[in-house]
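Given the coordinates of chain A, work out where chain B should sit on it, guided by the hints.
Protein chains: 2
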Amino acid sequence: MNINVGLIGFGTVGSGVVKILQSNHGLIEKRLGASIVLKKIADRDIHSPKPIQVDRSLLTTEVNEVLDDPEISIVIELIGGYEPAKTFILRAIENGKHVVTANKALLATHGQEIFAAAAKMRVDIGFEASVGGGIPVIKAIKEGLVADDIRSIFGIMNGTANYILSKMTNEGSSFEEALKDAQIRGYAEADPTLDVEGIDTVHKLAILISLAYGVHIRLEDIYTEGITKIEPIDLKFADEFGYNIKLLAISKNDERGVEARVHPTMIPKTHILSNVNGVYNAFQIMGDSVGHILLYGLGAGMMPAGSAVVSDLVDLSRNILYGSIRRVSPLSYQDYCMVPKSIIPIDELFSRYYFRFSAVDRPGVLSKISGILGQNNISISSVIQKGREIKGSVPIVMMTHEAREADVRRALAEIDKLDVVTDKTILIRIEHKEF
Amino acid sequence: MNINVGLIGFGTVGSGVVKILQSNHGLIEKRLGASIVLKKIADRDIHSPKPIQVDRSLLTTEVNEVLDDPEISIVIELIGGYEPAKTFILRAIENGKHVVTANKALLATHGQEIFAAAAKMRVDIGFEASVGGGIPVIKAIKEGLVADDIRSIFGIMNGTANYILSKMTNEGSSFEEALKDAQIRGYAEADPTLDVEGIDTVHKLAILISLAYGVHIRLEDIYTEGITKIEPIDLKFADEFGYNIKLLAISKNDERGVEARVHPTMIPKTHILSNVNGVYNAFQIMGDSVGHILLYGLGAGMMPAGSAVVSDLVDLSRNILYGSIRRVSPLSYQDYCMVPKSIIPIDELFSRYYFRFSAVDRPGVLSKISGILGQNNISISSVIQKGREIKGSVPIVMMTHEAREADVRRALAEIDKLDVVTDKTILIRIEHKEF
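So the sequence lines, in the order shown, correspond to chains A and B. Just so you know, the first sequence maps onto residues 1 to 435 in the working numbering. Just so you know, the second sequence maps onto residues 1 to 435 in the working numbering.
Treat the hints loosely; a few may be bogus.
Where chains are identical, the list cannot tell them apart; a pair therefore holds if satisfied intra-copy or between any two copies.
With a cut-off of at most 30 angstroms between alpha-carbon atoms, the simulated BS3-like pairs for lysine-lysine come out as follows [unchecked claim]: (1) Lys236 x Lys142; (2) Lys368 x Lys236; (3) Lys30 x Lys120; (4) Lys86 x Lys269.
Hints listed in this document are in silico derivations from the structure and should not be mistaken for laboratory results. The structure presented is a predicted model; accordingly, all values stated were derived computationally and were not measured.
Same shape as in the complex, but just chain A (with noise of 0.2 angstroms):
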């Protein structure tokens, strides 16, 4: 028996998904006991050199010509973007057709509206390669973990930035050094915004988010902090205080709420996720059961997505042979039990800090900034005042115990101000419980 899919978008992720489909072609049919037959590609280019070969008879600019056939069963959305992302998604969905994605910007604003329609049309939706690249992460969330009450996800879920960051602290490089090595390498945009701002990983922990807790949130709810402002000088500071720095995705599941963000954060050294370096990605889940697991690997990428978009092709392509269509329910959660929920807002989040003052060399400095400290309630754990001088001011670096981020910001924006205080601080939470 064939399945035949139909793919629109026949850039970088589309040529793996075509590759892995012609080369594993075999060993696919022998797992699924079927075959799996692209019958269509849909491009707006389809006469620039592709970096896979394929029968010209497949390509069109058409896009109708996926969406429309009606032997088409499963259509693959790999254009990214907004629209027409959406409006394609949509159309295959009302022409019953089910759909396989790759687009976290999409899912993540428009995902309700998306799956609502997938609901009403009974079709399925797989988006594997939306998170994690090749790393079955949704997977291990829907059914892996589907016994367990998941208390909190800890992930590096962008390759750019941790690409940067680790380079920044094996190198002592700038960030735009390192921004520029990264662009060089095809691992950065020439608009890198959506990397090193961390929307792309808001966006991923939002759609990670809805499948582990069952809720309904609202993207803007999570606070995002890139790593455009992170120097040498802290990535220096945290090594010597036992941390690297990661830009983290931290969301959290108890009886207070949940709790989500994106922000660079120091970790120690010893944490496993402070060893996954490069354009590497990896997720730290906590069940109530199982514990602490860890899934690693390549996070994006011609190969490792494409293996993502076909391991869901297989995924559809089970069901519809066994007539076992959104067998699992494609947010995890039955539709009905999905809940909006609010986020708990940053003020009110308690964190370790890490504090780079910028200060004037004299005397009672140290003391009217730990006195400030001090009125809001933020007790320091350690200091490192240094003789090294930038800019005519030398670095004061402070570690404290737990505060409240609202008292923290009260009390940043009152140091900020004292004329002894030179630039703006530097904050960097802390996450000091190790795996």
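Just chain B, lined up with the frame of chain A:
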């Protein structure tokens, strides 16, 4: 709708299953859309206290009350061992019941018979808990990596052995001391043979090999060496060379054939598996598309193994609800695609090696030893000879370039016969490729 299940074996893992089905009952129902009802628990000893309270009417000493109950759809076998577990599983299958088991020894040894019976009766078998405890490694191979030609598996698959080696490494303790500590903490059994001799690891590796490559192998063909001969001095030398020693399960599948072996292995400290400590397990799997992925977590214990068993229950329940029995082939490949395959004999292995010679402290010894190595095509990459005399001999430590195991064995047999060599030479294989 209710799915009725019956449990045979109310020990540690059985108690974990019962606890999860009690405490996460509502949560699982929200995901599955149906209710899993534990209808009967058969155990030889229902009178001694159990860690989990259940309604006494559920308990029976009569296993037939589970195996013959027409209302029970899924039988969970958690008594372990070969018999009567095998008989119970085969009877459950004959009665048309689906089976969930954590019994790696049984599946590795009698798997072909059991899987054939299940295929004949068109019932499902879930065995996620048999490898890696709560880590969903079996689902990852069967479904997450379904698009990939799997090229290799490297794993730390036994928490007991890993705990002992970690303790020996970190604290300099002897094997006996570390084992005793593991026994006190409940990580090792009174008779630790299965764990420390690598047998449990071989069982798990054999299961993963079937799933990954679609082959039936003979268990006795897997070269197996335990950790009982590892001495603190070898861990110290490993450390000096920048390595750790782990009990690794290694399998590769390429044009040469299938390689499979379990033995203490030196891996660079920078290797991701090098930092897997204590009772944790980790599986590093390489697919042709996905690249390297790693799954990490607790490989055993009441709750992690319980989590895996219940995830299987949910998986099989979905198949029952949707009429999609055997939607995923239990062995990943369609039954008619499984082929018998020999494992490349260990003699044909090419590897780097660590040797520790015990020799009398006399001029010319090093030349004699290295002469024999040279005659056998074994080239030395580094040597440490230190003055420390132990029982009248000095240790001479060497690392080699890649050599053939047969050559190594011949050379060592010759060297161990030298009158200047006072004890059997210690050999540890090295995996030098980093992640």
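Lys236 and Lys142: within-copy, between-copy, both or neither at 30 angstroms Cα: neither (39 angstroms within a copy, 43 angstroms between copies)
Is it within, between, both, or neither for Lys368 and Lys236, if the alpha carbons may be no more than 30 angstroms apart? For Lys368 and Lys236, the Cα distance is within 30 angstroms only inside one copy (25 angstroms; across copies 50 angstroms).
Cα distance capped at 30 angstroms. Does Lys30 pair with Lys120 within a copy, between copies, both, or neither? between (33 angstroms within a copy, 19 angstroms between copies)
Regarding Lys86 and Lys269, is the shortest C-alpha distance of 30 angstroms or less found within a copy, between copies, in both, or in neither? neither (42 angstroms within a copy, 47 angstroms between copies)
Checked against the numbered hints above, the structure breaks hints 1 and 4 and satisfies the rest.
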